[in-house]
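Starting from the structure of chain E, add chain Z where the hints point.
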Amino acid sequence: MKHADVIVVGAGPAGIAAATAAARHGRSVFLLDDNPAAGGQIWRGGIEAPNQRANQEENARKDSALHQLARSGATLLFGSRVFDAPAPGMLHTLRETADDAEVVALHYDKLILATGARERFLPFPGWTLPGVFGAGGLQALVKGGFLVRGKRVAVAGSGPLLLAVAVHLLQYGAHVTSIAEQATISQLAPFAASLWSHPAKIRQGIGYRAALGKTPYRTGCWPVAAFQNQATGLLKSVRLTNGTKTWEEPCDLLACGFHLVPNTELAVLLGCNLRGDFVVIDEQQQTSVANVYCAGEPTGIAGLDAALLQGEIAGLTCAGQSTGPARARNATEKKFAARIESAFRLRPELRLLASPETIVCRCEDVTYDTLAARSGWTDAKLQTRCGMGPCQGRICGPATQTLFGWTPKSVRPPLFPVPVSALCSHDSQQDVPQEIA
Amino acid sequence: MPKSVTIWVNGLPVQIEPESMVSAALLKAGVPCRRSVTGEPRTALCGMGICFECRATVNGAPHRRTCQLICREGMVVESDR
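Protein sequences, first through last, are from chains E and Z.
Start counting at 1 in the first sequence, then tack on 100, and there's your number in the working numbering.
Start counting at 1 in the second sequence, then tack on 22, and there's your number in the working numbering.
There may be inaccurate statements among the hints.
As the list claims (entries may be wrong) - Straight-line distance between alpha carbons at most 30 Å, and here's what the computed DSBU-like set of lysine-lysine pairs gives: (1) E:314 <-> Z:50; (2) E:162 <-> E:481; (3) E:251 <-> Z:50; (4) E:336 <-> E:301; (5) E:251 <-> E:162; (6) E:336 <-> Z:50; (7) E:435 <-> E:162; (8) E:251 <-> E:336; (9) E:435 <-> E:301; (10) E:314 <-> E:301; (11) E:314 <-> E:345; (12) E:301 <-> E:162; (13) E:102 <-> E:301; (14) Z:25 <-> E:162; (15) E:102 <-> Z:25.
In short, the hints are calculated from the structure, not lab data.
If we strip away everything but chain E, and leave its shape as in the complex, we get (with noise of 0.2 Å):
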């Protein structure tokens, strides 16, 4: 059994931030990531594009909080992921590394979730097909070394990820074909005109503007379908539409998201409350349950200044110190939550792409027509094994969400697969502390 004042979930800016406050100001830290490095996904280290002029900005942020970090004296747990809480004040971890797993439980007396968001995925005809991904993910995927340079992407969903994703993508040498965003400019428009409040965001915006160059943004218009050559097995193209207008725009691969989903399972196994989708808390970050406290993206997608600011005033809150400076100027950032969710709020006609036999559940391979047959989340778990793969449904329980209004709410142990040979050698009851068990 390993003791830490504080535990914080997740290194992405949050988690970095509440730790290196908590850990700074005296208490003992763990940072856990499931990744092998921190930074999260915004952060993301890996294999730097060959031109990182357009993001000199950033890096000196993200250098600037990693340095900090390192400096705090918080211990860095990287391949781990809390897959139960058995008991307040506990966690059990799969540490993974590249030839083994092994169950490590850790206690804590403060608790700090930073887990951050993963994308929404739509199902449309050929969204399982090889060379479609996330736009995130496929950000991703080019940070751990896939190269792209010139090859045609065409970028899809919603969201200022797919901006960003176009820039970066460019960088690596790709040819974007274009951005396809399903928001109006009428409802990005007063996002835009909002953003004076945030000069940073503004310049940020400018930045990508330049970056882009002539690659066409297309506002209101969204992917219909992704085909590939039967041949060779390769993406071809996708059909994009704005409604009126319907074309095929040949591409090598597709990144496609639409906006972020929070990661909310662990909090919910806590017994956090949440309004809608996110995660309750109040002016210090405290969730529902005592000596729980939540930071970034859970409590609402605001994004990377909201992250740092949320997870400073968690981290000092743990560590018994004032957080005012911190939370005045985290009143702007909630505004900023907000803004984004109503600029890019989904069109009805995305929960018309799928055909009957389209899968949603890509775990399982459960198509539309099956589900669209069954009266809720959990008939379909039953029936369907809709959810019941390893993801869990962190796919295509959003997506279900989206397409039938299901909300898959309740969460049980474990969080994620955890190999048998792990857990049978891990001897859970050694580990309960004295007064637990």
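Only chain Z this time, still in chain E's reference frame:
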């Protein structure tokens, strides 16, 4: 640091930049990571360890998420064929 590492994908060598992810090596090799329950070829989707589409057998361990694993010299990866 060496200019590349070599891993083995379904018995064939794949040379890739150091610190690349195993999922990227599979994409470079042009092989699917897995076959779905109805036999469809699948490759990485989310790139961040959530979707489990990129899982393959790595150094004998089945169902490893290749997008979370860094390529190490001599690593042996087997995908569904």
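With a cut-off of 30 Å on the C-alpha distance, tell me whether residue 336 of chain E and residue 50 of chain Z pass.
Roughly 18 Å separates the two Cα atoms, so the pair holds.
Check whether the Cα positions of residue 102 of chain E and residue 25 of chain Z lie no farther apart than 30 Å.
violated, 39 Å
Straight-line Cα separation of residue 314 of chain E and residue 50 of chain Z no greater than 30 Å?
holds, 29 Å
Holds or violated: are the alpha carbons of residue 301 of chain E and residue 162 of chain E at most 30 Å from each other?
holds, 16 Å
Pairwise hint evaluation, residue 301 of chain E against residue 314 of chain E, where the allowed Cα distance is 30 Å at most:
holds, 21 Å
Assess, step by step, whether the Cα of residue 25 of chain Z is no farther than 30 Å from the Cα of residue 162 of chain E, and give holds or violated.
Distance ~26 Å between residue 25 of chain Z and residue 162 of chain E Cα, so the pair holds.
Distance restraint between residue 251 of chain E and residue 162 of chain E, which requires alpha-carbon spacing of 30 Å or less
Given pair residue 251 of chain E, residue 162 of chain E holds - Cα atoms ~29 Å apart, limit 30 Å.
Starting from residue 251 of chain E, check that the Cα of residue 336 of chain E is at most 30 Å away, please.
holds, 12 Å
Taking only the CA atoms, is the gap from residue 162 of chain E to residue 481 of chain E under or equal to 30 Å?
violated, 41 Å
Straight-line Cα separation of residue 435 of chain E and residue 162 of chain E no greater than 30 Å?
holds, 24 Å
Satisfaction of hint between residue 345 of chain E and residue 314 of chain E, Cα-Cα up to 30 Å:
holds, 22 Å
Starting from residue 251 of chain E, check that the Cα of residue 50 of chain Z is at most 30 Å away, please.
Distance ~13 Å between residue 251 of chain E and residue 50 of chain Z Cα, so the pair holds.
When the structure is compared with the earlier hints, violations turn up for hints 2, 4, 13 and 15 and for no others.
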